[in-house]
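Given chain A, work out where chain B should sit, using these hints.
If you read the sequences in order, they're chains A and B.
Residue 428, in the working numbering, is where the first sequence stops; the numbers in between run on with no holes.
Residue 198, in the working numbering, is where the second sequence stops; the numbers in between run on with no holes.
If you are wondering where the hints come from, they were derived from the structure by calculation, not from laboratory data.
One or more of the hints may lead you astray.
Only pairs whose alpha carbons sit at most 30 Å apart, straight line, appear in this in silico DSBU-like list of lysine-lysine [claimed, not checked]:
id	chain 1	residue 1	chain 2	residue 2
1	A	K128	A	K387
2	A	K169	B	K38
3	A	K169	A	K312
4	A	K387	B	K170
5	A	K169	A	K350
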Amino acid sequence: MLLTALAILIGLLALAVPVSAGLGFLGVALAELYSKLPLTLAIGEISWATSNNFLLVAIPFFVLLGEVLLRSGIAGRMYNALVLWIPWMPGGLMHANIAACAMFAATSGSSVATAATIGTVAMEEIEKHGYSERLFLGTIAAGGTLGILIPPSINMIVYGVLTDTSIPKLYLAGIVPGLILAGLFSLTVLVFCLARPELGGKRTTASWDQRIRALPDLIPPIVIFLAVIGSIYAGWATATESAALGVIAALAIAAWNRRLSVRMLLHAFEGTMRTTAMIMAILIAAYFLNFVIASIGLTNQVNRFITELNLKSTQLLVAVIVFYLILGCFMETLSMMVATVPIIAPIMVKAGFDPIWFGVLIVILMETAMITPPVGINLYVVQGLRKRGRIDDVIIGAAPFVVTMLVMIVVLSIWPALALWLPQTAAN
Amino acid sequence: MEAVMNGARRAAHWGLWFGGALILLAAILIGIDIVMRKFFSASIGGADELAGYALALGTAWSLAAALLDRAHIRIDSLYVLFPRRLRFLLDVVGLVLFVAFFALIARHGWNVVAQSWSSGSRSQSALQTPTVVPQFIWFVGLAGFVAIGIVLLAHAVVLASRGEHAAVAKAISTRSAEEEVEDEIRDLRERNSREGIR
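With the rest of the complex left out, here is chain A:
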């Protein structure tokens, strides 16, 4: 049963059947093959229930928030302010790229939005200041992945919904690892630029007067972070409600910057709903598949199989990490999570791993998947912004940061408290 399911799934996906249809028809096929009950009849009810799940409403909210921010001009101002403060280190603006990504990640639930937004404003600086193009592009592709680790995070919402884990706790658990990972990215740049100073470009200088005057440009992202994350922990709003506050704050900032118009809103609507429909199509199919998988006892079979392997928990963890690293080269992250997390997360929890900690680990593995070729969405995004040269430059530039992420995974596995300390402290 397990092998048949895997064969059908891999077959359909490898033949480039849309992920949603692949998952859905796998469900239909398994129901026909292994169940005496007409499980497919439930598809209407399941689709409706998934479609109006209040937790999932946060997804279009965060996409809309990103679309509005992208068009409101705050990212450019924020980047220019950070540029004045950061570039004294070897590696210069590349540290500003990472800092800007980390800061923008605190307002954005998506890595693609983070890389695209920061990339748009950063890209012009490469030639102006004579940077190594590859490493510079790598900082944007890798820095952008912080979008889903530093809260808010669409992937954490999906993980929380799939595994019944608290989304606010996941958010808190992502903060410290997110900051550490950003620090490690900067360290990577520093090491490279100390070893080969010609990668680092010209130093720019700024007077203290300029620096102080640029500070107000950092306020809008902080306002949005406070609206989204602050409102949850102040007890004013649930995870989804806080996303709505983020949308309103973003609209207010856009209006303040005189960028709000009907035209701009309609464009934002288009981007938002296109992405939302794509994500929801996959989620609807995944919910139906999960229902079938549980009904025919496949989940139990997988569990038995893993238990019989008699792995030590460390071996299990290493196996899961390797599995995701390989899968991440070929699969888009959301599809990968939706197809695997409902089966793998319960196994990990049963083996004694904390579900919140595992959620953070999964998110970091998804970040890695975003910059590992051939399928790495952030590589595509950065290459798309660049509009010239070969994608190999981006792949090579991002490669050192893949190593950094592996280091982060090891660090997080040795010290789970890095993720768990903040949610535990908040709970007390």
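Chain B only, in chain A's frame:
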């Protein structure tokens, strides 16, 4: 065929705007609800329920535009290695399966609508929404998606029969493959113009 396809494109586009407007309204409604709860100890009641409907309706009505823009994810690691004819075959198979899956959902979704109608069921919130209303609009969105999907399929087959491979790729291929095709065409043009000069 072109006229039908253009009509489908326009309808799909309106679907996106409709969905986006619903999501924005939901965000504003929730914002008002939070402020009222915080400062007036009152609640609209059911803002979360309405936001859920906004997501369901918005999704159903936006599926078609995402399909026409080829935004639905396909894993194309192997696909890009295949020859053009095989890719076209896979494009058609993928499109048929995708539309068929949502036709299946619409088919059984209709039962959900019919059951709400016959039982007169209402939501268990303060709003007591007759559930048949949002469910019916949801169903119409799904049915519209299936219709537009069939139009797109016919459009692609017609284009293919005329040998307009670039246009077919633009309609139903994956995005990266289409870009490749465009590059090929550009190369071809350049080569032709160079030969023309000679």
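Hints, one by one, checked against the model:
no.: 1; hint: A:K128 - A:K387; in the structure: holds (17 Å)
no.: 2; hint: A:K169 - B:K38; in the structure: holds (22 Å)
no.: 3; hint: A:K169 - A:K312; in the structure: holds (27 Å)
no.: 4; hint: A:K387 - B:K170; in the structure: holds (19 Å)
no.: 5; hint: A:K169 - A:K350; in the structure: holds (20 Å)
Comparing the model with each earlier hint shows no violations; every hint is respected.
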